[in-house]
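If you read the sequences in order, they're chains Z and H. Read in order, the letters of the first sequence are residues 1 to 215 in the UniProt record's numbering. Read in order, the letters of the second sequence are residues 1 to 215 in the UniProt record's numbering.
Calculated directly from the structure, the hints in this document are not laboratory data. Hints are supplied without guarantee of correctness; some may be wrong.
Computed spacing ranges between beta-carbons, pair by pair [unchecked claim]:
id : chain 1 : residue 1 : chain 2 : residue 2 : range
1  : H       : Ser173    : Z       : Gln102    : 21 to 27 Å
2  : Z       : Ser173    : H       : Asn18     : 31 to 37 Å
3  : Z       : Glu47     : H       : Lys52     : 16 to 22 Å
4  : H       : Ser173    : Z       : Pro106    : 53 to 59 Å
5  : Z       : Asp8      : H       : Pro46     : 53 to 59 Å
6  : H       : Asn18     : Z       : Glu24     : 31 to 37 Å
7  : H       : Gly161    : Z       : Thr22     : 32 to 38 Å
No farther apart than 27 Å at their CA atoms in a straight line, the calculated lysine-lysine pairs in the DSS-like style are these [as the list claims (entries may be wrong)]:
id : chain 1 : residue 1 : chain 2 : residue 2
8  : Z       : Lys52     : H       : Lys32
9  : Z       : Lys65     : H       : Lys98
10 : Z       : Lys118    : H       : Lys52
Where a beta carbon is used, it is the ideal one built from N, C-alpha and C, also for glycine.
2 protein chains.
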Amino acid sequence: MKSGKKLDLSLYLVLDANLCKTPEGMAETARKAVEGGCTVVQLRAPEWKKKKQLRAAFLLKELLKDTDVLFIVDDHIDIALLSGADGVHVGQEDIDPKYVRQFLGPDAVIGLSVGSIKELNTIGPDVDYIGIGPVFSTKTKVDAGAAVGLGLLEYISKEAGLPNVAIGGINQSNAADCIRHGADGVAVVSAICGAEDPKAAAAAIKKAVNDALSI
Amino acid sequence: MKSGKKLDLSLYLVLDANLCKTPEGMAETARKAVEGGCTVVQLRAPEWKKKKQLRAAFLLKELLKDTDVLFIVDDHIDIALLSGADGVHVGQEDIDPKYVRQFLGPDAVIGLSVGSIKELNTIGPDVDYIGIGPVFSTKTKVDAGAAVGLGLLEYISKEAGLPNVAIGGINQSNAADCIRHGADGVAVVSAICGAEDPKAAAAAIKKAVNDALSI
């Protein structure tokens, strides 16, 4: 797996299976969000059987292959490899990043979720970026832990010393706060996937992030 | 992946995450069932996150590596490869056997679930054996289809012309019926995983199968 794309985490879209409903719905939401300035697209669909996840992955790869937008698959190494994704994101209870690296090779982008100070210890040399959260409370990920808040976001982002993206309950109104507390970007789920106009929603959040990054 | 083990489907244990509770519980159930004559062990734990599934896979590989008992992983190619399993079993909504073969190579054992006459069409050249079922109604797999019954088991096993194992609600009392209706073996979940004495339960079912096979 060879990505070659720049790691720009500024607006990281996590596609939600329930909000997007179908693989085609995911691709359509991603297309609009990319038009709005989204820089990473993650396929996350634990509710779907793998055949359906793979269909979504093929559609997303087709959409993103000639762009600078990174295509990341949540959890499933096999789906990432089959679809030619740029990388894989894993949680603390998923397969260890060192094993993910074995399969994906040196150029793949590997992300790890970090939700506490204790979990800073789990960041090994194979982790390219971390997702810190949930920063705010969220309804789209039922197994997410308690909200870490902006203070802990700042602490973890500094201690980790790696590119990071804040995640969990982030929208247009609080995205800039995350950047001001150490995030390199924001990961957004329902504020884009559940928006009437995903392109406009993405553009508004991207502007908030860019404004905060430029200060 | 190189199996080299003989494909003996006569008593195929499917480990159940809920009944076995932990990876260690799975390994213990498998150890006893193998003592009772079980010929295949499948790790099936969709309820568990992948880190936990991988831990179970390492324990099962350790248990089975110097035996003739096949070690099969349900659904997850990455877990099968990392643990050195002998093969992977997929359902109709999982990743297509042709992709599984790409990852696992020519010597791996690949199984496919078939639950209707229509699904006979999905058996491609990369499928080594099929699981036919659910033959009887079952409570251990919530997304299993309607029971196919012994008549359809016989029809599908003949038409498929591949090694096959009957699955779904099978226990000591109905295992022989499955063999008499075309099954090469029986896949058992709760009748072993939920038994007080998994070794004795396995031995009793194995005897019923062997008696029926020898007629």
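Okay, the hints, checked on the actual structure:
At about 46 Å, the beta-carbon gap between H:Ser173 and Z:Gln102 misses the expected band of 21 to 27 Å. At about 42 Å, the CB distance of Z:Ser173 to H:Asn18 disagrees with the hint of 31 to 37 Å. For the pair Z:Glu47 and H:Lys52, the supplied restraint of 16 to 22 Å holds, since their beta-carbon distance comes to about 19 Å. A beta carbon spacing of about 56 Å between H:Ser173 and Z:Pro106 agrees with the range 53 to 59 Å that was offered as a hint.
Here the CB-CB span from Z:Asp8 to H:Pro46 is close to 35 Å, at odds with the stated 53 to 59 Å. Distance hint check for H:Asn18 and Z:Glu24: the Cβ-Cβ separation is about 34 Å, which falls inside the suggested range of 31 to 37 Å. A beta carbon spacing of about 36 Å between H:Gly161 and Z:Thr22 agrees with the range 32 to 38 Å that was offered as a hint. With a CA separation close to 37 Å, the supplied pair Z:Lys52 and H:Lys32 exceeds the 27 Å bound.
With a CA separation close to 24 Å, the supplied pair Z:Lys65 and H:Lys98 stays within the 27 Å bound. With a CA separation close to 20 Å, the supplied pair Z:Lys118 and H:Lys52 stays within the 27 Å bound.
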